[in-house]
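Remember, this note's numbering sits 17 above the position in the sequence shown when you count from 1.
Heads up, some of the hints might be wrong.
[Said to hold, decoys possible] EDC-like cross-link-like pairs, simulated, lysine to aspartate or glutamate; straight-line CA separation at most 20 Å:
1) LYS389 to ASP178
2) LYS389 to ASP333
3) LYS224 to ASP333
4) LYS400 to ASP380
5) LYS117 to GLU206
6) LYS224 to GLU200
7) LYS400 to ASP333
8) LYS117 to GLU357
9) LYS400 to ASP365
10) LYS389 to ASP282
11) LYS400 to ASP388
12) LYS400 to GLU357
13) LYS224 to GLU246
14) LYS116 to GLU85
15) LYS400 to ASP355
16) LYS389 to ASP365
17) LYS116 to ASP148
18) LYS117 to ASP150
19) LYS48 to ASP282
20) LYS116 to ASP165
21) LYS117 to ASP146
[Stated by the list, open to error] Simulated restraints on C-beta separations:
22) GLN49 to ASP119: 36 to 46 Å
23) SER307 to ALA57: 49 to 59 Å
24) ASN331 to ALA36: 33 to 43 Å
25) ALA79 to ARG164: 18 to 28 Å
26) ASP388 to GLN78: 31 to 41 Å
27) SER212 to ARG164: 24 to 34 Å
28) LEU391 to GLU93: 32 to 42 Å
29) HIS203 to ALA52: 37 to 47 Å
30) LYS389 to GLN49: 43 to 53 Å
I should point out that these hints are in silico values taken from the structure, not numbers from a laboratory. Cβ atoms here follow ideal geometry from the backbone N, Cα and C, with glycine treated the same way.
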Amino acid sequence: MSQSNTQTLKAYGSGSYLASDVTVLLDIVDKQTVADVPVAQKEALIQSGQRHYSDMLTLEQAPTAMHEQLYQQALEAGTDRTATDITDLAYTLHHIFDKKVDREQPLILVSLVRAGLPIGVLLQRALADTDSDYHLPSIHFGVSIIRDRGLDAVALQMILDAYPNSPIVFVDGWTGKGAIYQELAHSLEVFSDPSHPNFTNIFHQGKGVIPLLTLADPAGVAWLAASAEDWLIPSGLLNSTVSGLISRSLYTQPQSGLHRSVLYDNLVQADHSLSFVERIDSTRQQLSLSPTLLPTFEQPRYQTADLIARLATNYDIRNRNRIKPTIAEATRAILRRDPEHILLATADHPDTVLLRHLCTERDIATSVLGDKILPYQAITLIKQRNKDR
18 MSQSNTQTLK AYGSGSYLAS DVTVLLDIVD KQTVADVPVA QKEALIQSGQ RHYSDMLTLE
78 QAPTAMHEQL YQQALEAGTD RTATDITDLA YTLHHIFDKK VDREQPLILV SLVRAGLPIG
138 VLLQRALADT DSDYHLPSIH FGVSIIRDRG LDAVALQMIL DAYPNSPIVF VDGWTGKGAI
198 YQELAHSLEV FSDPSHPNFT NIFHQGKGVI PLLTLADPAG VAWLAASAED WLIPSGLLNS
258 TVSGLISRSL YTQPQSGLHR SVLYDNLVQA DHSLSFVERI DSTRQQLSLS PTLLPTFEQP
318 RYQTADLIAR LATNYDIRNR NRIKPTIAEA TRAILRRDPE HILLATADHP DTVLLRHLCT
378 ERDIATSVLG DKILPYQAIT LIKQRNKDR
């Protein structure tokens with residue numbers, strides 16, 4: 018392990034998390050230097066092909082009082098499940114890597130910014146718990162991944178240079194259609210030749226096995242997941258204020274350095290990042306049930322691919338990026354994009370309260386389709402702004 022390489026990594030921050038929780042490999046830029054693009058304008062630019070979504074931001078505002086209230090309700094309802102899922106994931110990682118890592122060659126958790134960050138921090142804390150049955154030496158990084166543009170290759174290489182003998186596991190919050198999995202798999206193709214010096218860092222579970230871990234995996238693409246259900250993960254209801262105050266990442270050409278991000282230091286008073294982690298972690302430490310060893314999958318199952326194809330046909334959608342499945346993605350799309358229609362499995366599911374409230378507030382059409390959209394509880398369809406996209 019190179020001392021100079023590890024010192025370079027330590028020069029980066031952790032957002033509003035503790036330094037021991039994560040190192041976020043992003044270049045933080047002043048939000049005053051980023052164009053604040055209104056949602057409707059951003060949507061038109063994206064769909065017309067004039068701009069990629071990772072070239073611009075709509076700067077976040079503090080959540081409304083209703084949004085805060087519904088987050089707290091989701092946290093109350095989902096704390097035990099989240100803590101149990103994190104325990105099972107940590108226990109399974111311990112089972113797989115206990116004889117393969119040590120303090121000099123720790124397991125490397127690479128969270129995909131942003132939804133992966135809270136889950137990665139919780140896993141890092143669980144694995145660091147020396148009083149548990151699943152303690153494991155690990156280091157946690159946050160790295161940007163952008164649809165159509167891939168994983169930040171500069172950030173990944175920095176990690177490989179610092180920890181050349183450590184296995185890497187990629188962490189995300191949930192899967193929707195499996196698009197990020199595909200982006201990750203494409204980005205890792207460069208390491209797929211067994212003669213590549215970093216082959217075993219990435220493909221430690223076998224050639225072609227992408228080591229993606231998620232809390233929930235409705236799409237059926239993760240190597241390891243706590244469940245395949247679409248449920249209301251509390252951290253899925255908020256954006257930067259549960260993700261270390263870090264914005265969605267902005268693309269940077271590899272030759273110019275790391276992907277960029279804004280730190281929303283103006284939202285400190287609304288930040289739940291540490292309180293969320295501390296609540297879940299405290300609950301994890303008090304669980305009485307024994308952990309469960311979870312299954313792993315060598316290849317994606319794409320269990321919702323046919324459903325997405327039917328939706329694209331039924332709603333005449335050529336660009337499937339306009340389809341945002343899962344409660345978390347459907348809700349985030351209402352907050353960040355320009356939605357046209359919301360599809361629900363049931364009219365009154367407790368996990369879609371915020372989503373339905375936002376639909377009422379913004380007069381967005383909803384349809385209840387029952388088991389036709391299961392396993393998803395909710396899907397947002399983005400408004401078409403360009404007839405060719």
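Each hint tested on the structure:
Restraint check for LYS389 and ASP178: the C-alpha separation of about 47 Å exceeds 20 Å, so the hint is violated. A hinted pair counts as satisfied when its Cα atoms are at most 20 Å apart, and LYS389 with ASP333 qualifies at roughly 17 Å. As the CA atoms of LYS224 and ASP333 are separated by approximately 38 Å, the hinted pair breaks the 20 Å bound. Between the alpha carbons of LYS400 and ASP380 the distance comes to roughly 14 Å, so the proposed pair stays at or under 20 Å and holds.
Of the pairs offered as hints, the one joining LYS117 and GLU206 is violated, with about 24 Å between alpha carbons and a cut-off of 20 Å exceeded. Taking the CA atoms of LYS224 and GLU200, the gap is about 17 Å. The hint holds against a cut of 20 Å. A hinted pair counts as satisfied when its Cα atoms are at most 20 Å apart, and LYS400 with ASP333 qualifies at roughly 12 Å. Distance hint between LYS117 and GLU357 is unfulfilled; the C-alpha atoms sit about 49 Å from each other, more than 20 Å.
Under the criterion of a C-alpha separation no larger than 20 Å, the hint pairing LYS400 with ASP365 is inconsistent with the structure, at around 24 Å. Restraint check for LYS389 and ASP282: not satisfied, since their Cα atoms lie roughly 42 Å apart, outside the 20 Å limit. Using a Cα cut-off of 20 Å, the hinted pair LYS400 and ASP388 is violated, with the two alpha carbons roughly 24 Å apart. Between the alpha carbons of LYS400 and GLU357 the distance comes to roughly 5 Å, so the proposed pair stays at or under 20 Å and holds.
Distance check on the hinted pair: LYS224 and GLU246 sit about 28 Å apart at the alpha-carbon level, beyond 20 Å; violated. The straight-line distance between the Cα atoms of LYS116 and GLU85 is roughly 43 Å, outside the 20 Å bound, and the hint therefore fails. For the hint pairing LYS400 with ASP355, the CA-to-CA distance comes to about 6 Å; that is within 20 Å, so the pair holds. For a cut-off of 20 Å, the pair hint linking LYS389 to ASP365 stands: about 16 Å separates their Cα positions.
For the suggested pair LYS116 and ASP148, the alpha carbons sit about 18 Å apart, so the restraint of at most 20 Å is met. With a CA separation close to 16 Å, the supplied pair LYS117 and ASP150 stays within the 20 Å bound. Our distance criterion of 20 Å between C-alpha atoms is met by LYS48 and ASP282, whose separation comes to about 10 Å. The straight-line distance between the Cα atoms of LYS116 and ASP165 is roughly 37 Å, outside the 20 Å bound, and the hint therefore fails.
Restraint check: the Cα-Cα separation between LYS117 and ASP146 comes to about 18 Å, which is no more than 20 Å; the hinted pair holds. Remark: the range hint 36 to 46 Å for GLN49 to ASP119 is upheld by a beta-carbon distance near 45 Å. A C-beta distance of roughly 51 Å is found between SER307 and ALA57, which places it inside the suggested range of 49 to 59 Å. ASN331 and ALA36 have their C-beta atoms about 49 Å apart, which leaves the hinted 33 to 43 Å range violated.
One distance hint, 18 to 28 Å for the beta-carbon pair ALA79 and ARG164, holds here, with the actual separation near 27 Å. Checked against the hint of 31 to 41 Å, the pair ASP388 and GLN78 passes, with Cβ atoms roughly 36 Å apart. Between SER212 and ARG164 the beta carbon distance is about 30 Å. The supplied range of 24 to 34 Å therefore holds. With their beta carbons about 25 Å apart, LEU391 and GLU93 fall outside the hinted range of 32 to 42 Å.
Here the CB-CB span from HIS203 to ALA52 is close to 29 Å, at odds with the stated 37 to 47 Å. Between LYS389 and GLN49, the C-beta spacing of about 46 Å keeps the proposed range 43 to 53 Å intact.
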